[in-house]
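So the sequences go chain by chain: A and B.
Using my numbering, you'd call the opening residue of the first sequence number 1 and step up by one each time.
Using my numbering, you'd call the opening residue of the second sequence number 1 and step up by one each time.
Hints in this document: simulated from the structure, not taken from any laboratory.
Even for Gly, the Cβ is constructed at its ideal location relative to N, Cα and C.
Treat each hint with caution, since some may be false.
Said to hold, decoys possible - Sample of chain A residues facing chain B (criterion: CB under 8 Å; computed from the structure):
1) Ser96
2) Ser118
3) Ile120
As the list claims (entries may be wrong) - Okay, derived cross-link-like pairs now, EDC-like style, lysine to aspartate or glutamate, Cα gap no bigger than 16 Å in a straight line:
4) B:Lys635 x A:Glu29
5) B:Lys646 x B:Glu565
6) B:Lys635 x B:Glu649
7) B:Lys308 x B:Glu583
8) B:Lys214 x A:Glu29
9) B:Lys589 x B:Asp637
Stated by the list, open to error - Over 10 Å on every C-beta distance to chain B, these chain A residues come out as not near it, computed from the model:
10) Leu46
11) Val56
12) Leu57
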Amino acid sequence: MAQSGNHIIAKPSQEHDHGHGKEGHHDLESLRMMGFWIFLITDCILFGTLFATYVVLNGNTAGGPTPAELFEMPGVIAETFILLTSSFTSGLAVLSMNRGDRKGLIRWLLVTVLLGASFIALEVTEFMTLVHEGASISTSAQWSAFYVLVGTHGLHVTIGLVWMIAIMIQLKQHGINSVTRRKVNIISLYWHFLDVIWIFVFTIVYMMGVM
Amino acid sequence: MLDKIKDFASDFFVTGDPLIYGADVSIGLTIIAVVFALTYFKKWTWLWRDWLTTVDHKKIGIMYVIASLLMLFRGGVDALLMRTQLAIPDSEFLSPEHYNQIFTTHGVIMILFMAMPLMFGLFNLVVPLQLGARDVAFPFLNSLSFWLFFFGAMLFNVSFVIGGSPDAGWLSYPPLSGISHSPGVGQDFYIWGIQISGIGSLMTGINFIVTILKMRAPGMKLMKMPMFSWSVLSSCLTIILAFPILTVTLALLFIDRYLGAHFFTLDGGGNPMMYINLIWMWGHPEVYIVVLPAFGIFSEIAATFAKKKLFGYKSMVFALMSISLLSFFTWAHHFFTMGSGANVNAFFAVTTMIIAIPTGVKVFNWLFTMYRGRLSFPTPMLWMIGFIPCFVVGGMTGVLLSVAPADFQFHNSYFLIAHFHQVLIGGVAFGYFAGLYYWWPKVFGFKLNEKIGKWAFWTWNIGFYVCFMPQYFLGLMGMTRRVSSYGWDKGWYELNLTSTIGGFLMGIGFLFQVWQILHSIKFMEKDTTGDPWDGRTLEWTIPSPAPLYNFATLPQVTEKDDFWEEKQRIAQGHAPKPRPQLEPIHMPKNSGIPFVMSAFWFVAGFGFVFDWLWMAIPGLIGVAVCMLVHSFRYKTDYYISVDEIKRTEAAARRVV
Ligand code: HEM
Ligand SMILES: [Cu+2]
């Protein structure tokens, strides 16, 4: 492929052969991949700050309910299980894509979306129960930190869902090409990332909360 | 009904102050004049097509510069209002409430809406050219960053005439900034204005890191990269580590205010001290974010006007990187007096002092670069020379402040005010001015008048010392910051009056700069060479102003200061490096989405400020729709043909 500068041609129609250019320059799609990795670093710091505030405020219940009293672990374990599975299915989606199997790709993305949506549904139910039992965001610093940390993760998942649906439509329209391939790679990276964050949420918020 | 409307209007618009009525009128008149002029000269499509939707980094850079100079004007007027109030004891020019609002808006505007965008403007104008690149890594995102900054800044600025300005200081410590002590909308303007523009800053950080790491011209190893680009890299690395902390901090403050949460409240188990820790974990790196690029500018200027290689290149790189790392370990020096304990204070005192080492290395390197060079002193060089003593004194008073026991004495006094203005004006503002003067011909294709420039330089510099030196003494005499008035019996009168005179001198310096620009536009002295300063780096190899695609063919870099070495070789009779053949150039298409999406952010922010969900929610939906529309766009690029490149290059009188 011709290299006309640091914007190497990456037209959607040109399918293959878009790796490294002659002088070790990268094409547009790989620039974007790198940009996304850096975005993930910033997101890590964002969550890191939220975890830090949670840890600082943990236990500041101001006489109100404590996590140990209210957390219901079965629901949380179900959420965890569902999210881990969805991470796995998003991996299967990428595998289908690498085989060039568009149908399989869309199907696995759909499964991932459904799993993600049930995760959100469970989380919303959990929040509603908690509020019902007298622990809302304004109850105490403990619960403010809880809702904001867990809610930020939930918001990320929700955004991921909308985004994944948009990508599925684009896959229907354009098939698998260098652009959609990058998009699928990025969303699956994002999805795994949210999974990792959730494992921290599970350990620091829920496990340590009930212990 | 009519009463209701009146009630609403008197809440909505800021009333009761003649200064603000004056501002209302002038804002109204300016808007009418702009709309009229655009309509009369039929410039609306030009504005939209050439500017509002552009993804060209050079134009985005120009827009940043214009916006930030306007903000410098606004922040400067604020500063002069404050200085006028302080010139005479017991003065009643500004009420205490108004004074609080003014020092808050002045601080925020100067750092976030003047220094940051001026810096981003220079990034955009210079970095791709210096790297030998055709663009930044993400042109669309670049335009989005600009418009987010712009609409964020506008949101912050309207608080002045609509709803009321924030008044809890530029870092808005709770509980003062909490809902119980600041029930008005001013704080919410603060939060949303900074939040929206902050997202833009974060994206710029990502954009330039990728640009620098991935888009350098063939052959330009990292250790051959010009020093300004290095400083941008270090500043951007600091941005991506620091700005997410700010985002979270402001979001938590907003959630406290809006949803009654208890992160920083005094009741409900909240912890205001956590806010102070968080905000300074961003705030301290932030001052290095803005000063590091100034260091890069000085390195370029010192080498160019001494006609010598930069002394100690490697140690310069090392100093930049260690400063950006160390800046994350000093934040607690901002609250030595708030009971952290002796060991914590000692740790942060030592880390703070350590930063003086790499900074000292840089100063000595600049001096050695100039030592025995063939020096010349056009305006960019003057600003560099003016910077050095100013920054050295500012740095030394900073080290004094970093001694924790001493800080118990100086804390929140005018000594501190003098210190940070010395580094912010002497380091940051002078640095960026130097950069603007240096790269101006490259950006606009004409030179700035040197004579008026020298007047500007001297009035600024003399004004600076007259303004801030007395403040060190005022601080030692016990004058604290953020006081709006004092009695005759204090004995602070003469020094304050002197300081105010210095402030106005700087104002005159600014007017000289405006005059210099207007004068130079009128009597335009075109830069036909593309290389007016006999430069060393790649940006000087192309015509001024740079064509849309920057480089017709990508330069092949073999060494540091490649252009300079090439000129030496040609002077010795060697043939110039062969140029590769022209090929069609791949370019990104313009897009209106960044502008529209940022406008929706403005709408959403405004809605949240006034607690109008009917406005905020559609705003957020608008943002989401814009993102989706962008995601579905596939034809986002086009090619410039070889013929057109040839025509453009010939027009620039540099036939290839
Ligand atoms: C151009 C000349 C300037 C003058 C005459 C000036 C004057 C002042 C004055 C009178 C105050 C209030 C001090 C107090 O009562 O506490 C102040 C505060 C401040 N200034 Fe400036 N200033 C100037 C430029 C700048 C620049 C260029 C920056 C930053 C890049 C800056 C950043 C600040 C900050 C952060 C504050 C603290 C606001 C607060 O207390 O919350 N100033 N300045
Ligand atoms: Cu600091």
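Hint by hint, here is what the structure shows:
With 8 Å as the threshold, the beta carbon of Ser96 (chain A) stays out of range of chain B, its nearest partner Cβ sitting at about 21 Å, so the hint is violated. For Ser118 (chain A), the suggested interface contact is broken, since its CB lies about 22 Å from the closest CB of chain B, more than 8 Å. Because the smallest distance between the Cβ of Ile120 (chain A) and any Cβ of chain B comes to about 16 Å, over 8 Å, the interface hint for this residue is violated. Among the hinted pairs, Lys635 (chain B) with Glu29 (chain A) is consistent with the structure: their alpha-carbon atoms are about 14 Å apart, no more than 16 Å.
For the suggested pair Lys646 (chain B) and Glu565 (chain B), the alpha carbons sit about 27 Å apart, so the restraint of at most 16 Å is broken. At roughly 27 Å between alpha-carbon atoms, Lys635 (chain B) and Glu649 (chain B) are farther apart than 16 Å, so this suggested pair is violated. In summary, the hint linking Lys308 (chain B) to Glu583 (chain B) is not supported, as the alpha carbons are separated by about 35 Å, beyond the 16 Å threshold. The straight-line distance between the Cα atoms of Lys214 (chain B) and Glu29 (chain A) is roughly 12 Å, inside the 16 Å bound, and the hint therefore holds.
Pair hint Lys589 (chain B) plus Asp637 (chain B) holds up; C-alpha atoms about 5 Å apart against a cutoff of 16 Å. The claim that Leu46 (chain A) lies off the interface is violated: its Cβ sits roughly 4 Å from the closest Cβ of chain B, which falls inside the 10 Å cut-off. Against the 10 Å criterion, Val56 (chain A) falls within the reach of chain B, whose nearest CB is about 6 Å from its own CB. With a closest Cβ-Cβ approach of about 7 Å to chain B, Leu57 (chain A) is found to fall inside the 10 Å limit, against its non-interface label.
Checked against the numbered hints above, the structure breaks hints 1, 2, 3, 5, 6, 7, 10, 11 and 12 and satisfies the rest.
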